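> Protein chains in written order, with UniProt numbering: chain A, 1 to 493; chain B, 1 to 493.
Note that these hints are calculated values from the structure, not bench results. Owing to the predicted nature of the structure, the values given are computational and were not obtained by experimental measurement. Cβ atoms here follow ideal geometry from the backbone N, Cα and C, with glycine treated the same way. Certain hints may be false.
[Unchecked claim] According to the in silico footprint, chain B covers these stretches of chain A (three or more CB under 8 angstroms from chain B): (1) 127-134; (2) 140-152.
[To be verified] Below are the DSSO-like pairs computed for lysine-lysine, each with C-alpha atoms no more than 27 angstroms apart in a straight line: (3) Lys87(B) <-> Lys104(A); (4) Lys329(B) <-> Lys234(B); (5) Lys104(B) <-> Lys87(A); (6) Lys331(A) <-> Lys234(B); (7) Lys348(B) <-> Lys47(B).
Number of protein chains: 2
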Amino acid sequence: MSKGLPKRSEDYSLWYNELVKRADLAENSAVRGCMVIKPYGYSIWEKMQAQLDLMFKETGHSNAYFPLFIPKSFLSKEASHVEGFAKECAVVTHYRLKNSEDGKSVIVDPEAKLEEELIVRPTSETVIWSTYKNWIQSYRDLPLLVNQWANVVRWEMRTRLFLRTTEFLWQEGHTAHATRQEAIDETVQMLNVYAEFAETFMAVPVVKGVKSANERFAGAEDTYCIEAMMQDGKALQAGTSHFLGQNFAKAFDVKFATKEGGLEHVWGTSWGVSTRLMGALIMAHSDDNGLVLPPKLAPIQVVIIPIYKTDEEFDQIAEKAKEIIAKLKSKGISVHFDKRDTHKPGWKFAEYELKGVPLRIAMGPRDLENNTIEVARRDTLTKETVDLALIQIEDYVSEMLELIQKTIYQKAFDFRAEMTTEVNTWDEFLDLIETKGGFLSAHWDGTSETEEKIKELTKATIRCIPLDQKEESGKCILTGNPSKGRVLFARAY
Amino acid sequence: MSKGLPKRSEDYSLWYNELVKRADLAENSAVRGCMVIKPYGYSIWEKMQAQLDLMFKETGHSNAYFPLFIPKSFLSKEASHVEGFAKECAVVTHYRLKNSEDGKSVIVDPEAKLEEELIVRPTSETVIWSTYKNWIQSYRDLPLLVNQWANVVRWEMRTRLFLRTTEFLWQEGHTAHATRQEAIDETVQMLNVYAEFAETFMAVPVVKGVKSANERFAGAEDTYCIEAMMQDGKALQAGTSHFLGQNFAKAFDVKFATKEGGLEHVWGTSWGVSTRLMGALIMAHSDDNGLVLPPKLAPIQVVIIPIYKTDEEFDQIAEKAKEIIAKLKSKGISVHFDKRDTHKPGWKFAEYELKGVPLRIAMGPRDLENNTIEVARRDTLTKETVDLALIQIEDYVSEMLELIQKTIYQKAFDFRAEMTTEVNTWDEFLDLIETKGGFLSAHWDGTSETEEKIKELTKATIRCIPLDQKEESGKCILTGNPSKGRVLFARAY
Ligand SMILES: [Zn+2]
Ligand SMILES: [Zn+2]
């Protein structure tokens, strides 16, 4: 299976693409830029969704569903929103097909032209705020805490599976509040939810920060983000949480009667993560043998592979496996017994390595004799023989899964530490961005012009102004102008 | 809240629309024909989804995700599919907007015209079978058992919330099999899953049957369906399961190497239910006071409403409610304590009636004294005072919820029995379809011409040929030609 998977060191980009396809995560579809998420890949996404959904509900949010289509005129209601967003979208202009004259194909019915074109949602602020106008009259209607799981479309010329696709799946939270402070608190709360999810479940350490004006969401007053470091030294924005101020409330005229009898515009937030997280998960941990999944998101946490020559041997192993499976399931561990006789054990080993199953248990005739199993960890590729008389298998496995979860996180954390460099001169910046990559922590004079210039010269952007930025006076890496603290630069996905 | 909800007997259609809006289930959006599913409505849909998803997985299916867009040419590959389907769709012709010359709005960029138009999926057989071509080579790849949760778009001129909307949410299963029989078995299995879900969870009795050729899915050899009876005597198709034969395999050239070394086209099925089920759920059980929800799908199963004058009374009631809540939660019962002081008890009673909460518990000062509670059932609108010393509250409530679930089902079952009439003459048919409605069980000569004629004359269609149809020779209700069994006619949603 993994035969011929390209090496990361030789062609990282090709390694990624091949891994995504061969591990049955996703593939390109017949529609340019749109992917098919395959069952195995989708089962990982489902685990992500379930956990995030739980965390959204624990913080008081409800799900709802808003239309796929947005009337074209909505996009120009919030001035900066249209500037930053409305350009590369799928536009619906007609609502009917008809048979061609030769009867062999279908053509667009020219008589079924829409009066106003509809845009397939690239994000839903406009259609949702137009709805909120009807839902919000009084302070009693606030806060309004709503999330939507949906597909969105942004027309992309250059696409990569999960990382940048024309259609992708995501969730978008849209909340409305009575005060500025409450909306800011919500924005930060959801950023923290994302960070906790990334670190605790995906085992991906993230930097929490605020975007510079250049990278801010179109229509937001502030965009908060979490940024992760990939194995090739490039950064990946894994989630964003926007403080919208009163911008959309003003654009869609959403006011509420205050407790004191006044009438004020509502304060808003929006926040989202997408199937892009799948790309981050894959790139953060995987190796030249294939996927490495953190146990908390692995659809199969443990695979048991029997090694046998005769039917009798198989039966004995299956018997023993059955006991182990029952014990593991009692602890909520997902386990798969691969009894296929169409494939050899070695082939199966490689397949589950490719698919990133955290723990592999092999059982052969000698193991039966000795009451042992062979346990192999996917993350470290190490094996050990375990004497079943000396352990409780369910405790052993669940501790091992916890250990793997921690080890994967620590490895990514150490890698990021190694890949984060404080840079104080422009020469050093130019050199490191080419040779080492990673996060370059450097002073910046705070202007968009400088940021753009640096991007032009190096392809590096300001990933964020970290929330834990230290006050430190310094000189801008490019202009030498005064700066009050370091920001993180990187090339990014 | 429910003040002014129209009566079913006066205007059933208006009653339905108002109920959907006032119970916070859904509303019309700014986009013609597209609905907004509001948080309360969506939480019911989520419960439906969770249960169906479990049942799909228990029968061996995995979820995946396929593109929203379908290249126009795909629609004409399966001849009967395009005949029956491809006409009323949203057509994407452009992929970019640009600012208008005055800078005040956006216009479609005429230079960004797609070479081939894309259709927003009305259903995904074509795009999925074009993918299956790559996934299926050998008998080892079969069966392929995949489901997708997705939004779909069918341009509708006359829409009704949940029942017929331009965009709706659904699941579509798409499976591929090595043999005709296996595919038929899958089709029937999924019909049975739908029927079990409708009856056990929605408390809606359904007739399982096969569609006549006229009502068959475009591209199917056979369409199986479940049909439910609404309170106004109209039928509602609640789910369909299609045996596709080799039609899509042939259209997209999907072949597999058999065990015996041959090469054959694959056999297919597809099956789906949609947010239309919400409409069925609402219309089957609700009354003039509002929604009636079966406990198994109610987001809130029990609401506790305190009745008090002083803060001290409230505190004592809250204390007692806390104990009850803990006990109910230990049994997995979802319970909400409405402690709002902005609304009077009577207002809350009406609100939870409107929203269909199955059981209401009220507690006042006298209840505290007597160690009692007042329990009101939503379905029967009956109340009783319960002495807490004589019961285990958690057992009492969970038995009561089971009883309500059964009672609602039985009521719907009896109603349907009453609304199913064996009809033997055309005059009787004409009379009953106008006066009583419901299912008319009648003989039919098996021809499409007769079916169409009956539809023209009465607006009644053949809902299905029941799977449990008895062999009985008779004469067609319209033509008098010979028939071997009765079929079910009705006017339908
Ligand atoms: Zn305004
Ligand atoms: Zn063929």
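> So, against the hints stated earlier in the document, which numbers end up violated here?
4 and 6
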